[in-house]
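**Student:** Modelling step: build the complete structure from the supplied sequences, incorporating the hints.
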Amino acid sequence: MLTLKTIKDLLINNKKNSDNNKPKVYIKSDLHTNIDYIRNTLNNASDLIVREFNIKEYRCAICLIDGLTKGDYAHDLLLKNLLVDIWTTDKIREIHSVDELFDALQSQFIALLDISVVSDFDELFINLLSGDCVLLVDGIAKSITIETKGWIDRGIVESSSQTLVRGPKDSFNESLRTNTMLIRRRIKDKRLRVESRKIGRISKTEVAIMYMEGIANDRIVQEVHRRLDRIDIDGIIDSSYIEQMIQDHAYSLFPTVHNTERPDTVASSIMCGYVAIVVDNSPFVLLVPGLFVTFTQAAEDYYHNFYYVTFIRLVRFVSLFLALLTPGVYIAITTFHQEMLPTSLLISISNQREGVPFPVFIEALIMELTFEILREAGIRMPRAIGSAMSIVGALILGEAAVNAGIVSSFTVIIVSLTAICSLIIPSYHISISIRVTRFIFMVLGATFGLFGIISGLVVLGLYLSSMRSFGVPYLFPFAPLNFEALKDSVIRFPLWKVNQRPKLISDNNETRQSSDRKNNYMGGKT
Amino acid sequence: MKRIIILILVVIFSLSSLTSCWGSRELDEMALVSGLAIDNHPEGYEITVQIMLPRVAASEQAASSLATRNFSEHGESVFQTIRRLIRRLSRKAFFSHCQVIIVHEDVAREKLFEAMDFFFRDPELRSDAVFLIAKDVKAKDVLSVLTVMDPVSGVSINKILQAMQKYFQANRDMNFHDVVADILADGIDAAVRGVTVKGNLEKGKKYEDIQESEPVAYIVIEDLAILKEGKLIGWLNEDDIKGYNNLLGKIQNAIITVPCSDTNFYNLETRKIKTKYKVIEEDGKVKVKVKINVTATLGEIGCNIDITDDKEIKRLQKIFEEEFVTNAYRTLEKLQKEYKTDIVGFGEEIHRQKPKLWKNLKDDWNKHFETLEVDITSNVKIDKTGKNTNNPLNKYLKK
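Just so you know, the protein sequences line up as chains W and Y, in that order.
The opening position of the first sequence corresponds to residue 1 in the working numbering, with each subsequent residue numbered one higher.
The opening position of the second sequence corresponds to residue 527 in the working numbering, with each subsequent residue numbered one higher.
Simulated from the structure, these hints should not be mistaken for lab results.
Source: prediction; values computed, not measured.
Treat the hints with caution; some may be incorrect.
Unchecked claim - Now the in silico label distances, taken between C-beta atoms and shown as ranges: (1) L369(W) <-> R613(Y): 51 to 61 Å; (2) S616(Y) <-> I396(W): 32 to 42 Å; (3) R613(Y) <-> Y251(W): 27 to 37 Å; (4) N790(Y) <-> S409(W): 49 to 59 Å; (5) S409(W) <-> Q606(Y): 38 to 48 Å.
Stated by the list, open to error - Example chain W residues on the side facing chain Y (calculated, C-beta under 8 Å, incomplete): (6) C272; (7) T343; (8) I347.
To be verified - Result set (SDA-like, lysine to any residue): computed pairs, CA atoms no more than 25 Å apart in a straight line: (9) K618(Y) <-> S344(W); (10) K188(W) <-> K204(W); (11) K692(Y) <-> P342(W); (12) K618(Y) <-> M340(W).
All C-beta atoms, glycine included, are put in the ideal place defined by N, C-alpha and C.
**Tutor:** In structure tokens, the structure reads:
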């Protein structure tokens, strides 16, 4: 655990050294000087463990941060190696100098996979604080870093934000290594690239970019690298930090970077040419480019019958528009265009409106805000009082408000329809945008009627089609129109018909599979 | 950044000062009109509007209290009179949901155009409101009769007309919109359904009426008013309407009845009536050939006939063909000789098929119509005889 002071130190160091001419501090040959330097730099942190021991007459020391290393690796394997197993080899008897020992340590004595030699303290500290063991030998101005990272994580559990009925149930967790493992397990191809870097002046969070060499668009990959390089922030707490720092249209309400908790979504996206950004300490993996259509698709779409999925996707698009427009259109029609309603509907609406003290707009606004409050409360409140909340929400606000004549029951229907519709959208991300935009449409409907709604839609359409995500038009494949990519958009063609990867996203390798399944198994007749 | 802030401030200020919402009306600020009646008045017009009371009309109370109220005002002009209604309504009348417009026959005879001009002009009025002419009763009395099927009588009358158009008798001009279109068109005159009230009118206005199992007063749609050049000149009775329907071919599902003995009838349920017009020119004279094609089901048989016999069916078809043709001829004669008005649209048909010829006829079409030669033939096809292939009468009546 880093103390506040050391963080402050690091911060000051960083500030001092941000102009890149900081003098590198190299490891000295004297062991105790080195140990003292480490101790002093970390200000005798209580979780720093330094273990000194002898191999033959040579003095050595292992440094590690307690809790960040895989316990059995550091304690048992490494120490047992160096103190006990070493004597079973013949080599030990042939060692007559420190240099020979240092070489032998690298080549023979340490029975752990990943080791490297480090000669400056900056790198040593990064390794040490990431959970590696550092082995110092008296008389050598270098250290050996042994990979022993390992800590307790949440384990691979079922996704809580993107659930499904059929399909793989595993989801990412907070460990970067687990996350890349989950993706690797699904793509066993040598062209899968994992390129990582550390971002964050203080946090030094590991961020890995994963993509398929030869499928992903090079320009997009380079652009991702470039944007990640530009990030200069003190700490990355969650992948959403990265998202906000790299997305196009920084002030836009609509997201241009997709995120998911599901490894299957990431794997299939990578195979389509998308670039994944995995961030340590975050179970949400980013996918770029993030297009409008990707936010409306769920992982399960590919696991069910395509007729059903096409139907469900249509329902989704309809409810997307309902979530966006229903309150606005309701206000517009009841205050401007009463002639558009069927007579019997008008009678029943105006029956409910009689005696309601507020104009329709205010009434709808009250209910919409109430719902937003309820939703926010539902997320923030402690689980245990959930049932109390639903009683208050459903009974008191819905039922009683109508009985008291504060709102009409028709407005309650409209608001609940909108609420349900906004929940059907698979990506919470875009449903937030829709929820906010809805209020704009309510104002437009209340001031200009349907004319306002239509103008709003036109402006929204123009705005969305002007947006780009990493160079790819946001409304692709609708605008620009691309028939191959349309096969997997609002409709979904059967898997064996979608033979091309989406253009623009995967630029250089579009053929996905041989043309037709009928060559092989169609009909099952021989 | 400064510019953006200034821009936002400007927008907010202008939005708050231009309160906008121009033309916005809350539902509870308006009186929904479901029916409109225009009668003559010494001062000009007497206008009655039927206002729906949504609280009653939309709830279970509809069965126990009145869902509408009628308000009458009179004045010199229509618009002025309608505005005067505000004094009694406390809300502005809203005409977009007006279901029915009833004009008294005297108004239709004297000044239909003048009375209707406001409604042609005003964008609020729905063009598919049913248009009727009150016969023998005041137009406002028609609106006053309480109806049972629908608590709002305007809606009820509208629905009656819709159903009649499909299953009973059809005319060209059911809606306000059609009437206007036909009055303005060349080569056709408008014909509008008449409406009247049967039974005890005074009692029919009272709520007790709809609590009786048999209403004491009820609305009847009957006869067809002929509007020559936009003025009522006479009526076609029920028998004439049959022929009119055959000429028009607009109704699909009608019942045609032909006597087979002194007391019994054959009934035919038509499923499709298609009337074709062919305009031909013979020695400089125009001639119209009308062919009425009918596909029908034998609906009810009152006489002894073997329906499994093809010959018998053919004989029946002949009888019905004759019926169609004679009815059509009779109505046509009445239109040509008595009223001298083309409400079927022969002129329109000539215009469509022989536009060059029409140029000569156009100016005094009604005169030409009087002497127009029309040749009517009919083809009836009875291809279904109902569920029962056997005729029970066949067995017993013979004896």
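**Student:** All the hints need checking, so say for each whether the structure fits it.
**Tutor:** To see whether the hints hold, each was checked on the structure:
In this structure the supplied range 51 to 61 Å is violated for L369(W) paired with R613(Y), their Cβ-Cβ distance being about 40 Å. Roughly 34 Å separates the CB atoms of S616(Y) and I396(W), a value that falls within the hinted 32 to 42 Å. Under the hint 27 to 37 Å, the C-beta atoms of R613(Y) and Y251(W), about 56 Å apart, miss the expected range. Restraint check, N790(Y) to S409(W): a C-beta distance of roughly 57 Å satisfies the suggested window 49 to 59 Å.
Range check, S409(W) to Q606(Y): about 40 Å between beta-carbon atoms, so the 38 to 48 Å window is met. A distance limit of 8 Å between C-beta atoms decides the matter here; for C272(W) the minimum to chain Y is near 38 Å, and the interface restraint is violated. Annotation: T343(W) was flagged as interfacial toward chain Y, and the flag holds, the nearest CB pair being 5 Å apart, inside 8 Å. Look at I347(W): its Cβ gets to within about 5 Å of chain Y, closer than 8 Å, so that hint holds up.
Under the criterion of a C-alpha separation no larger than 25 Å, the hint pairing K618(Y) with S344(W) is consistent with the structure, at around 20 Å. Restraint check for K188(W) and K204(W): the C-alpha separation of about 29 Å exceeds 25 Å, so the hint is violated. Simply put, K692(Y) and P342(W) have alpha-carbon atoms about 21 Å apart, close enough for the 25 Å limit, and the pair holds. Of the supplied pair hints, the one linking K618(Y) and M340(W) holds, its CA atoms being roughly 18 Å apart against a limit of 25 Å.
When each numbered hint is compared with the structure, violations occur for hints 1, 3, 6, 10.
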